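We have chain E already, so just place chain H on it with the hints.
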Amino acid sequence: MKKSVFLGTVTAATLLAGMGMAQEGSTLAQVKERDELNCGVNTGLVGFAAPDASGNWTGFDIAYCRALAAAVLGDPNKIKFVPTTGQTRFTALSSGEVDVLARNSTWTYSRDTDLKLDFVGVNYYDGQGFMVNRDLGVTSAKELDGATICIQTGTTTELNLADYFRANNMAYTPVNIDSNAEGEQQYMAGACDAYTTDASGLAATRAAFADPENHIILPEIISKEPLGPAVRHGDSNWGDIARWTLNALVAAEEYGVTSRNIEELVRSSENPEVQRLLGTTDELGAMIGLDAEWARRAILANGNYGEIFAANIGEQTPIGLARGLNAQWTQGGLLYAPPFR
Amino acid sequence: MTDIRATATPPFRLSMLVNDRRYRSLTFQVIVFILVMAAAWWLIDNTIRNLALMGKSFDFGFLFQRAGYDISQTPIPYTADDTHLRASVVGLLNTLIVAVLGCIAATVLGVIVGVARLSRNWLFARLMTVFVEIFRNMPLLLWILIVYAVFTEILPPPNAFRGDEASAGMILFDNVALTNRYTALPTLAMTNDPGSLDLGARITFNWATIAFVVVLVGGWIVRRMIRAWAQDVQDRTGDRPVTWWKTLAVMTLPSLFLIWFFGLHLEAPSLQGFNFTGGLNVSNSLVALWLALTLYTAAFIAEIVRAGILAVSRGQSEAAFALGLRPNRTMSLVILPQALRVIIPPLISQYLNLTKNSSLAIAVGYMDLRGTLGGTTLNQTGRELEAIVLMMLTYLVLSLIISAGMNVFNARVKLKER
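So the sequences go chain by chain: E and H.
Heads up: the first sequence begins at 1 in my numbering, then just goes up one per residue.
Heads up: the second sequence begins at 1 in my numbering, then just goes up one per residue.
In isolation and in its complexed conformation, chain E is listed as follows (with noise of 0.2 angstroms):
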């Protein structure tokens, strides 16, 4: 009879110890206590996430996270970037191993449902496209029966391509590859005629070829590849914040907030809408849980949406891509933040 009572005090403490461990808390008093966000960011992919030659993350990725950053925790620096695969993004996402998902990825249906992830917006508009090599001398995508194409696994690409090459009632052979610096070395000797992903992938490739004047994008977008960040299910505060952020960026660049003027605006804005995304009417930060002044932190981490898109990717970097449909919706583009009230 003791004996039992015994083991039944182990069993018990081990069951409590294991009902301890399984508590979790929300993802905003994750990162508030750990004092540094975790953002899972692309391995290397240039004018989008990639360490410069001293190490530090840039891009057009890691400046979103840079302004969650300074949201969450006021300083664009507390934080640590988590480089994905295609292959491991979302597992790292829903594991808890990243807070926020700022990978290139492309907002889905069932990624959306099925696999519990929430897209909290799109920051870049693109679509999948095609590269290759000038002296193959092919001019469009539908000359490509029977071509070799690099792939990267695990991405919607590879659906699209093989819904493509299908429905165009072509032969190809894949090569699968794990990471874009792969794609891009196989691409280079020759193992595959064209490579595929998303257009702005294909012109940040591009831009890091010792002759980029040799490769041409084909015409052809063959998908819908609303690319932007995502945040598990579940958790709709944390959602909340991550979406109104990039949000904020976009307004900011609308409402002519810059990070060289918001000072001033702080002080001198007559917009109501500038005042109450500054903070300087209304409490709109408690209403997820931040101080006043979240916005403001987040458009000086590195400037608003149109100053990100041009110091990152714009017409004046190597990559040179025109704002086109990521213009804001006054200028023809798709750009349209929800009213901040």
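Nothing false has been slipped in among the hints.
Under the rule of at most 20 angstroms between Cα atoms (straight-line distance), these lysine to any residue pairs were calculated in the SDA-like manner:
1. E:K116 <-> H:F62
2. E:K116 <-> H:S57
3. E:K116 <-> H:L51
4. E:K116 <-> H:A52
5. H:K56 <-> E:D235
6. E:K142 <-> H:G273
7. H:K356 <-> H:L145
8. E:K116 <-> H:T381
9. H:K56 <-> E:G234
10. H:K356 <-> H:L142
11. E:K116 <-> H:T47
12. H:K56 <-> E:E97
13. E:K116 <-> H:R49
14. E:K116 <-> H:Q65
15. E:K78 <-> E:G55
16. E:K116 <-> H:I388
17. H:K56 <-> E:S110
18. H:K56 <-> E:T108
19. E:K116 <-> H:I48
20. H:K56 <-> E:T88
21. H:K56 <-> E:S95
22. E:K116 <-> H:E384
23. H:K56 <-> E:A92
24. E:K224 <-> H:G68
25. H:K246 <-> H:Q231
Treat the hints as calculated values from the structure; they're not laboratory data.
The structure presented is a predicted model; accordingly, all values stated were derived computationally and were not measured.
Chain H in isolation, oriented as in the chain E frame:
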């Protein structure tokens, strides 16, 4: 137990659980058992709880959904419209292909290197030592990447074969093209195609293939019967009849007849559009993976073979030499059969290692089980737990089958104690 109680044992006290030798082992076993079960329970409970927290279920329904992605090497017919299950089977077959090829090549190379390392030729033996130490002491992944990089960087792309002044040429009478994507081999074609046996699920076997298998297996059985007959004659009369031409005829003539009957011939690949078509394109990822697995595992097998040979007592070879056997006959008839007893058990582990190591295929984009079920399928469906569990079980079953088969072989060669 009742007897012990009858002899007036002292009344049971709690301290006896630890201090009394009759109970102590039982106590510790129960404690360990409980701890193990508690740990397992904790892991499972935690998993279920966390899955529920994320709103995810645990079911394998995704296997029957449309896969939607293409695979470059498909041993059975497969299109993007097929299910994830079929994609996983394609991956499993690709794993088996590289594992079987690797095991065969690694064994052949390993035995040669292991024997050669014991050679009396100083230079030869030292070269083999260098081979073993180089391949055994560097990570396999590096070897796979190096071999693959060598293939893609050094060999010419297919369009180098184009035109009248092509910078690259095909070898072996214009039958084989080595490119940086694949090795284009000629395929076997038939003028009298007998059609195929349909096994359902779009899996077919050509009747000609079946005919060849039947003829080869039959020839092998007849060869054994001829040898048994020769042995019988030798035992009775002391003279062994000449059998080599009979066995040779049994093994080759039916096959030659089939080749003539079906009109079997080679069809060389030709460059059309971007790639070689009409032949069999063996992708460099397969060749690189196979070569790296072979070299790496062969280094270990060489050491096992060497150990096995050294385990055979020196007196055995001296006795064989005294009987006038030539060195190669001594090796094949006296030493290797005895060494096999030592070699087979660790060889099983090497085969298992090679099979499991083949899951590094993803590094070179070879779509094995890890690449399909554990790669694209896992990623597109988000069923991490299910895919990983399924993959672990598959590798487990695969390993158990290999080890069961090798154990049967081991039972046949091991020392028979009578």
